[in-house]
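Starting from two chains that each stand alone, build the complex the way the hints lay out.
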Amino acid sequence: MTRKKVYLIIQTVLCVLLFVMLSTAAIRIFREGSARRAEHPLESIYTVEAVAEQFKYIAPVLFASVGMAAAGLILGIRDEKENKGVRDIRSERDLISGRVTGQSMEVNAARAGQRHVRTGGWTAFGICMVPVIVYLLNVAHFQDENLENMFAALLRGTVPWVCAGIACLMIAGILEEKGIRREIEALKAQMKSERASADTSGDIGSKTGGLSGGTMTEGFSGGTMTEALAGSKKDKVSAAAKSAEDAGNRKMVILQSVVIAAAVFFIAAGIWNGSMHDVLIKAINICTECIGLG
Amino acid sequence: MDNNKVNSSRRQSFRPGTRRLVQLYSALLYNAHLRGFISGEIYRGSTKALCVPGFNCYSCPGATYACPLGAIQNALASTGHRAGWYVLGIIMLYGVILGRTVCGWICPLGLIQELLHRIPTPKIPKSQITRALSWLKYVILIVFVVAVTLWYGIVHDLPLPAFCKYICPAGTFEGAMGLLPANPSFFDMLGILFTRKFVIMLVIGMACVFCYRSFCRFICPLGAIYGLFNRFNIIGVKVDAERCNHCGACVSSCGMDIRRVGDHECINCGKCMEVCRQNAISIKAGKLTLKAPEGGSSQGSVNSPDSSSSGSGVKTGRIVWGIALAVLCFALLWFNILDPAVKKAAASAPVPDSRNVQMAALQTEKTVNTDIQTEEAYIAGTQTEEADIATARTGTIESEASQTESYDDQTEAGEPVLPEHETEQEETELNQTRHENGQEETEPNDTAETSYESSAPIGYEVGQQLEDFTVQCFDGSTFHLADTRGKVTFINLWATYCTPCVQELPYFNDLYNKYKDDVAVLAVHSSLAPKDDPAEFISDEGYDIQFTTDSKDDTVFKIVNGGFTLPQTIVLNRRGEVIYNKAISMTPEMLESLYQEGR
Chain A
0 MTRKKVYLII QTVLCVLLFV MLSTAAIRIF REGSARRAEH PLESIYTVEA
50 VAEQFKYIAP VLFASVGMAA AGLILGIRDE KENKGVRDIR SERDLISGRV
100 TGQSMEVNAA RAGQRHVRTG GWTAFGICMV PVIVYLLNVA HFQDENLENM
150 FAALLRGTVP WVCAGIACLM IAGILEEKGI RREIEALKAQ MKSERASADT
200 SGDIGSKTGG LSGGTMTEGF SGGTMTEALA GSKKDKVSAA AKSAEDAGNR
250 KMVILQSVVI AAAVFFIAAG IWNGSMHDVL IKAINICTEC IGLG
Chain B
0 MDNNKVNSSR RQSFRPGTRR LVQLYSALLY NAHLRGFISG EIYRGSTKAL
50 CVPGFNCYSC PGATYACPLG AIQNALASTG HRAGWYVLGI IMLYGVILGR
100 TVCGWICPLG LIQELLHRIP TPKIPKSQIT RALSWLKYVI LIVFVVAVTL
150 WYGIVHDLPL PAFCKYICPA GTFEGAMGLL PANPSFFDML GILFTRKFVI
200 MLVIGMACVF CYRSFCRFIC PLGAIYGLFN RFNIIGVKVD AERCNHCGAC
250 VSSCGMDIRR VGDHECINCG KCMEVCRQNA ISIKAGKLTL KAPEGGSSQG
300 SVNSPDSSSS GSGVKTGRIV WGIALAVLCF ALLWFNILDP AVKKAAASAP
350 VPDSRNVQMA ALQTEKTVNT DIQTEEAYIA GTQTEEADIA TARTGTIESE
400 ASQTESYDDQ TEAGEPVLPE HETEQEETEL NQTRHENGQE ETEPNDTAET
450 SYESSAPIGY EVGQQLEDFT VQCFDGSTFH LADTRGKVTF INLWATYCTP
500 CVQELPYFND LYNKYKDDVA VLAVHSSLAP KDDPAEFISD EGYDIQFTTD
550 SKDDTVFKIV NGGFTLPQTI VLNRRGEVIY NKAISMTPEM LESLYQEGR
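Order-wise, the sequence lines are chains A and B.
Numbering that gives the first Met the number 0 puts the first residue of the first sequence at 0, with every later residue one more than the last.
Numbering that gives the first Met the number 0 puts the first residue of the second sequence at 0, with every later residue one more than the last.
Chain B extracted, bound-state conformation (with noise of 0.2 Å):
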């Protein structure tokens, strides 16, 4: 008998409840791109332009949505260009409906703490310590989110989302952990400020193991904010104060830091139903009843359901619960299979190694046999069109567009769209990696400068040569790859919303200015540009490199093997080919050595 008991009970603690169904449920459907656990790379459809309520990075490799305080930051950031108003129309939205009882119910990082506190430890209680230090997380809010992204975002153009960047434990462990494995060469780019991370995510996990929930006490920045709307949110635990006694039960139980029920610290949970004796306490949204407390109907209570309403309640509980899965069903399969974005993603995924290398110079080959006349007809409308853009100084966007434009043919056959290429010099190439694959014995070519000649097969692993192209850049120059040979050439994929990219720019420049006549250094920027200029980003820096918007198509992306992780560099020696291709931060002694070597 006795074990039986123990037994029912053992069964009843590991049944999960309502809002622990939910925690999983919006864990799950924030996160639905699964497979980009398994393949490492991040959801890039258009959902991710919306914010979710809860704190979920929008680097995590399963993330569908954006994460609002993440946007908050790059909003403020930008507040130089543009004011962010639709996150602040995002957030007050959010605040106003929900308020805390988005930390309660649909927080996947309330979910990791209340979890992670389940482990079987003495606990510690909350007392005027842990009061007081509820206070902390509106300084971080002002220090971190506000102040010091605003005054990098005006005064250097600098985007710095500085509370991600030093304290976020949700970035390192849904972010880090989870791209990490699949992508080992991220292992290259971790630094102190990993380790930094890394460090102040294990504090902050030990610390939620025996304190409740104690990011979202004292640090939760999102927290402080929903907390400023929790006194006048629509769907939050509401209390009846005609039956309310004040007998302080339901604040003795409660984990968070309340003096009152629904006061900026409470999150809604509704865990002081249970403990309720007056059944004073009810979940609403507005004047709708949303969850009563047990055995409220024996009280008499308005809301309450009887028993004919609570069999109504259970019917209309199970239709939104089936709602809900079908949802969760159709997010997993749309974020994993149907998505136009995901095979898109699939599609141009990098092809390991010397397969690689096979492909493309057999689409070299292909594109050069059938499609000569073509492009011949296209480097003269190009040439053409030079003379007019170089008088615009930002041209080169539309240059670019119509660049893509007059390859459209080329690419719905599937086919690489290539750049501009000097007939000989291809035919030279192809000669080459033909060579290289035993196709064709080839003569070595004549025209060619002897000295920087390489036999190096097309590609963009080390060892290999890339594949020539030719831009033209924000100063009306053109930057033609082939033109480099004899020169080490950086170059350097960046854009204006990373941090790291702009970082790291004066260095390249630096370098440049060095060794004038023997670097060439080109800085693409990806060709997902906001729509403030990147042009106008640089204008007042005085950088004296080469500068250059990406294709639509990612022409100069796709021939590097740029990829979504910026900044990246890559370096290649006097005879052009690769001796450096990876997504890392630059310092000026890295740059200095990787000159030393391209020499």
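For reference, chain A alone in the conformation it holds in the complex (with noise of 0.2 Å):
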């Protein structure tokens, strides 16, 4: 185990115990405070006395952690994965697909399960969402003037479908990775049997010139020809994409022309109904439950 490897160890049990005793602290201030507060409703949960009698626990492990973050920057060290990035599967298989001409039926099988897969997972993200939707569309759900109660209620009617949809597009985003590779294993051997095929017809043309003989000037001529042609036709087909995307760039301008220009009403309609003033209000005093005092 190298040296760097321990500092990290280190580094990462001093950042998840100083979470771990914050919490707790927290936590722990909270239940003796609201133990003495049904006693006498009067009383402070928080008191700058308990916070500091916690904080003497938490300090040492702050500061080594600090510290220990402090020494790890000016040494230089990090995580040596950080810097390598992730390989883009996607990337990969466009980069191959861009190399071979036609699609084989182990391309075309693979891509389509990837369709179904990633149809699949949204579909079932979908229905996951609607009973999300369901709830947040009922009106009763939000009558209780007891936030709390409202809150938790919340949670219970949405978070396990939330975390079901995010499950489902999970699965699916990871079925549809080893589709992606299964196509890549395809691109590939369908390369391959490209390549080879090429090969041939190569060695056949060559010897087929070799057998012709004082064909060059023929050759040559030709080829130019063909590549006049293959000129000609690429510049069709560039150009062709430049007005495409001369038009693309001008639906582009003007559709942030529309948005900037409703943005600007919109602004000036706000100042007049004075939705403006309401921002200044509430802005101007401290919103405490915002910010988590109560």
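These are calculated hints, taken from the structure and not from any lab test.
A quick note: this is a predicted structure, and the numbers were derived from the prediction, not measured.
Covered stretches of chain B, going by a simulated chain A footprint (3 or more residues, C-beta under 8 Å): (1) 47–55; (2) 91–103; (3) 557–566; (4) 575–588.
The calculated lysine-lysine pairs, modelled on BS3-like cross-linking and capped at a C-alpha distance of 27 Å, are: (5) Lys290/B <-> Lys237/B; (6) Lys122/B <-> Lys177/A; (7) Lys80/A <-> Lys4/A; (8) Lys513/B <-> Lys581/B; (9) Lys581/B <-> Lys557/B; (10) Lys187/A <-> Lys83/A; (11) Lys3/A <-> Lys270/B; (12) Lys581/B <-> Lys551/B; (13) Lys83/A <-> Lys177/A; (14) Lys80/A <-> Lys177/A; (15) Lys283/B <-> Lys241/A; (16) Lys270/B <-> Lys283/B; (17) Lys237/B <-> Lys250/A; (18) Lys250/A <-> Lys290/B; (19) Lys283/B <-> Lys250/A; (20) Lys515/B <-> Lys581/B; (21) Lys177/A <-> Lys191/A; (22) Lys551/B <-> Lys343/B; (23) Lys237/B <-> Lys241/A; (24) Lys270/B <-> Lys290/B; (25) Lys250/A <-> Lys286/B; (26) Lys80/A <-> Lys270/B; (27) Lys80/A <-> Lys122/B; (28) Lys83/A <-> Lys237/B; (29) Lys270/B <-> Lys122/B; (30) Lys270/B <-> Lys314/B; (31) Lys290/B <-> Lys241/A; (32) Lys314/B <-> Lys283/B; (33) Lys314/B <-> Lys286/B; (34) Lys557/B <-> Lys343/B; (35) Lys270/B <-> Lys83/A; (36) Lys4/A <-> Lys122/B; (37) Lys122/B <-> Lys3/A; (38) Lys122/B <-> Lys83/A; (39) Lys270/B <-> Lys286/B; (40) Lys3/A <-> Lys80/A.
Backbone N, C-alpha and C fix where the C-beta goes; we use that ideal spot for every residue, glycine too.
Dropping the structure here:
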């Protein structure tokens, strides 16, 4: 085990420990304070003394963690995986598929499989979201003026479905990735076979050329002709692509202009109807519940 | 030689890039009210009507502008009253101009996340799991930002910023952590909400250490909104299709869960420019190239700078940075020293305990001696005015406004605005304060009800008695503080835009109905009333307690030391002495307990 690894393990342990200690301290203060408040309703739950008492235990871990982090940064210690990046399997697939001309049966099958998995994943996600949407659309769930009850019910009513939906997407993603790997294998096999066939035809061509003899000039001029034809074709294609891009850019500019104009109109309407004043009033007062004070 | 290499590479790693400098710059510009971190007060100037593009809590003591997400929730909550066109327009404007470039370049929370991620620990790479989790932020946007806020706004008229209240780590980190050290009295408010949000903040912080921009990728609803605009934003990372060979190096090197550069997950940070061997990626604003790939000129790029244009580019860059620094310096000066709102806040800062009591006494004495005639004239005027106002239910605001106008002469001289006083009683109080200060021996007041008479000094601290005041209530009645002697008096400072305030009003009403003859309750709305009248706001609720809106110069708020933190409750015992004065959300148990204490 290298020194770098040891450092990273120690730093991880310290970070996790700090997190656990801080969370535990907050919960402990809250519990003790709540018990006090149950007896005397005017007692404060959090007190400076209670926080200071807890901080005594946390401080050594906090300082050790900060010190270690500073040392690590100065020494330039980093997780090696961090700089490597994550190989994107889709890009790899796109790169290979650009090199093959047609699509074999296997490739098509793999692609269809991916499509099904993707559709299935999103359908499952959508199905999981239905109860969430139904919950959110039902006004009865938002009648309780006790916000703690509402929040607890909201979590109970939505979180399992959201988790299930996200899990469906995860599973679909993993399965899709497997499908892409299969597709890459198929593409590689196809590429190999295409190369082999190209090699064979090349051999035959060279053999024919050798036999005809004296056709060098013809062959050369013929080659120039083909190149010229290909060149003009390419130009046509790139010109078409460019004009399509220009059209796309024009559309984009129109869309951007429309959105900006709408935004400016809405801002003016907001200043007129007083919603800007609402923002000001909310912003110049401390929103105690927004910042978690209570 | 090797050592030199190592040192230079370390130096290189510590040298902040352009993006980091822009992030630091924007964080400082958003939070230019630095004195707020020391004084523990938030900035209250008019620039707070503007939303910044990035995530920055407006309750942070340094914040000089509004948080767009808080503003969105506020606008949704008040949909029943008026449409939040302004916020919609602002978000659309930022979205179409910047999109998620905001996240990568000018979001303070993004900066914090990236700094946390620099802590050397093993890192969790992106995968199909993180990719799936990136959709979570859209669910959070729909559930917490839109649905809950909208329903509570429409059904209950309750401004409930659900995301801020239950999740937002920026509020806890910037707001609560920024305000608590300078305001130890805020500890009284902390409870289950703080505990929960503190733990959530820790979890998110922890996740950011191990997983790149966890909050941004999985939770941030603002990023989700900007992501919708990312396809057609003006400023962002653009790929030259002719140069791109689809090698995928850009996607591989990216820390975000992107499928391709510029999609809804792309934060346009431009990191991919460093790894693109084709120099196909650049940061553009429309057709203008803001950042060309390094070595792009060697490839003969149209947009990449050649030697002469790179020289002018450097020059332009220096000019831009110069202007930016000048703007920052001006902002720091303005928001800390020059701004009238800051001066006003500094001038109206509460004076500590005993000194304040003496000042109150001296001010009372001065006012009574010098302006007694003016006041008599005022009282006569007010009485006539009150008769007119009594017919109109919502006439309070006008009345208070005219009171303010009547007192303009006094306030101009820097004296406190005094509410209506009965001269006799005022003199009694003055004598009492003089007695306290050892200035003059006085006779006991014969006319006052002796059983509930108090000799406590004037002030707002526990043990002191409040300065007398009279206000006109929404129902046409008059609340005169001196008349509540013999009853336990509850003064509640509230506002329609404050959720805990609105939530606790029924508790006060219940208490009042329980001990009707023994309790007086006055709910004073902040003078900062939105355009919808607070009277209209409570009209359907059927409350029996008295409601009023404070005058524009915050007469009642000044008397009870009401601040910018609501709700605040002041409880007076039968003798009119303050037994409780705290900014805290009340529960029925607490109110009952306070009533028993005040009896």
